[in-house]
Amino acid sequence: MTNEESLQKKKNIYSWLLSFPTMAWLVFFFLIPYIIIILYSFFETDIYDVKAVFTLDAYREVFSKEYFRSFYLSFRLATISTLVCLILGYPSAYLIARSSEKVKNFLLVLIIIPFLTNFIIRIFSWRIFLSPEGILNNLLVFFKITDTPLLLIRNDFAVILVMVYVYLPYMILPLYSNIEKMDFSLLDAAMDLGANKIKAFFKVTLPLSKNGILAGSILVFIPALGAYIIPQLVGSQDSLYIGQIITYKIKNIPRNWPLASALSIMLLTFISLLLVAFYFLHIKFNEKMVSKDDK
Amino acid sequence: MGEIRLENVSKRFGNFKAVDNVSLTINNGELFSFLGPSGCGKTTILRMIAGFEMPTKGRIYIENQDITELPPYKRQVNTIFQNYSLFPHMSIFENVAFGLRIKKVPEKEIKKQVHEMLDIVQMYDHKDKYPNAISGGQKQRIAIGRALINKPKVLLLDEPVAALDLKLRQRMIIELMNIHDLVGITFIYVTHDQSEAMSVSDRMTIMNKGQIIQTGQPDDIYERPNSIFSAYFIGDTNLIAGKVVGIEDEFIEIETDLQQEGNKVVLDSSCHLKVDIGTKITLSLRPEKIAISRKQPAIKSDFNILKGKIEDILYLGTHTQYIVKVGQHKFRVFNQHKRVYFDDVALDWEEDVYLFWHDIDSFVILDQENN
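Chains as they are written, first to last, in this note's numbering: chain A, 1 to 295; chain B, 1001 to 1371.
Derived from the structure by calculation, the hints contain no laboratory data. Source: prediction; values computed, not measured. Check the hints yourself; a few may be wrong.
[Claimed, not checked] As a list, the in silico DMTMM-like pairs of lysine to aspartate or glutamate whose alpha-carbon atoms are at most 20 Å apart: (1) B/Lys1129 to A/Glu287; (2) B/Lys1127 to A/Glu287; (3) A/Lys210 to B/Glu1094; (4) A/Lys197 to B/Glu1053.
[Stated by the list, open to error] With the C-beta cut set under 7 Å, the calculated list includes, among others, these residues of chain B facing chain A: (5) Pro1072; (6) Thr1079; (7) Phe1098; (8) Ile1102; (9) Asn1132; (10) Gly1136; (11) Tyr1232.
C-beta atoms are modelled at their ideal positions from N, C-alpha and C, and glycine is treated no differently.
The task is simple: from the sequences and hints, build the whole structure.
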């Protein structure tokens, strides 16, 4: 064995040792639970838990119309929230990225401040704010914009609104860090070559922020797909999202753990496929921009 | 076509006067440089001509058309940026095609023109690569091609070779001059490097603190600097303070502060500013114009001869720089390495030497502050 080889081997051992805690964590709290879920999805259901008998019943049920609607609702919620977050988040991220150092830090703190308050409390405050006796409705009635309070809560609109509110920072922050790295002299170059500000944006700024858009979209889309708390607190019980269905099947009697497991696995499979697609998109965006020597 | 006129142009950034009342005409087809230390306002002038900055005061004309308030995308002016600013997400071909695509030129025409341009800048073989995969010199060629394909009336170059290493810089400067000859449009070149400016320019302007110090041909500015700033900024010089004490037909006699026997030096009277007896002046004397020897030269009426002691010797390859102490003054003297020496044995530290120069070779700068 040459010196170089033994050195390489040593390095490998060190990197394994260093990653051991993370690996152990992932095995105990992610891999093993998931194996249990996969097993459960092939079991027969009982009112309280499962019977260890192999069956495909759960999967047959997953593809029934009832759950299709929930999948559709979740997918719609995720798509709309991502788009709205992108449309609202992009200008904010751009503004922050182009601000002076002082203003930039101040604005970033403003974006991060909501994280200091508990997630549930923030959703409850929306509930109070939007409720028929809430501030917003009182104001609307006071200014005679409506005669009777509007139904602003317990519907899909409220779910999307609160979703966007909660996940907007997850869109803004990756977009900001992406746009901030952009060489703004490229915009001068585009204008110098005859592009007005709008063309320069669509030909230069937007294509160069693809990575930020991708990262932000993943961070909003995926949690939105499995959303449970927000639909539960501000949504209607007539339109159940997939996260709610899974929870109900776990905790409400008659329980159906195999079905909940199968639904979870469908969701996970879908998200995994999506991530793989995003990954290839990302590679495609970047392969040409990276120099051959850097590889 | 391509003539640029600046009329009383000023630019303020807050309280800072970046450009202060500059008036200037740049002729059609000229390769004109702005030279000055960083912060002298040269880049601001360039950015105002390009349209990225609006003058606080004054007007800018191209071919008698007032372009002061036109946005950059409406000016027939293109820029080579300091870091080239190639679009990293577009291939070399697309970078060069950018301007034509904005103008919605038909696809076939774009292809033809881009290929022609890539041929001119010798980058055709690289057309499918991306900017990150090519070298600095190649990037610069693409930047030139991307600008010239729009057929601008004026090409602006903002420190175009500053990012390259020395050898490549020299080669790219020659390429730039060749391209200038080929396209024949006005080039405006901004640099802080005096040798670069001297070698490329038809004419140049030296700037300091937002103001024009001197405008002229490079040799004119070098041989006849109008101020201490010009004399120092272009090349090296020795400055000697003095007072005019005698004016003859052929020479002017100056009493200097050299505090040495034979305190007076003479100047050829034909080649500079009119001076009167008693005028305080500064003499600028380039280090390469001074001869150095340990042997006393023959006394001639049009020679100035000083005696001094060598303090330092700096070997610089093409020449050696001697620091020679004359009275309280330290003279810098360049001596080229030739087989024809005044002295058989090389000069050494602490040696007594003679410095001498022809009276045409020193130049009078009127000392504004003392007059």
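Compare the distance between the alpha carbons of A/Lys197 and B/Glu1053 with 20 Å, and conclude whether the hinted pair is satisfied. Holds, because 15 Å separates the two Cα atoms, which is no more than 20 Å.
Under the criterion of a CB-CB separation shorter than 7 Å, is B/Pro1072 in contact with chain A as hinted? holds, 4 Å
For the pair supplied as a hint, B/Lys1127 and A/Glu287, is the alpha-carbon distance within the 20 Å limit? holds, 17 Å
Satisfaction of the B/Phe1098 interface hint, Cβ to chain A closer than 7 Å: At 5 Å from the nearest chain A Cβ, B/Phe1098 passes the 7 Å test, so the hint holds.
The hint names B/Ile1102 as touching chain A; please verify it with the least Cβ-Cβ distance against 7 Å. holds, 4 Å
Hinted contact B/Tyr1232 with chain A - closest CB pair below 7 Å: Status violated, d = 32 Å.
Hint check: B/Lys1129 vs A/Glu287, CA-CA at most 20 Å. Holds or violated? holds, 11 Å
20 Å limit on alpha-carbon distance, applied to hinted pair A/Lys210 and B/Glu1094: Since the Cα atoms of A/Lys210 and B/Glu1094 sit roughly 18 Å apart, the hinted pair holds (cutoff 20 Å).
Per the CB criterion, is B/Gly1136 less than 7 Å away from chain A? Violated, because the Cβ-Cβ distance from B/Gly1136 to chain A comes to roughly 12 Å (cut-off 7 Å).
Per-residue hint verdict: B/Asn1132, partner chain A, C-beta under 7 Å: Holds, about 4 Å.
Go through the hint on B/Thr1079 and say holds or violated, using the shortest Cβ distance to chain A against 7 Å. holds, 5 Å
Hints 10 and 11, counting from the list given before, are not met by this structure.
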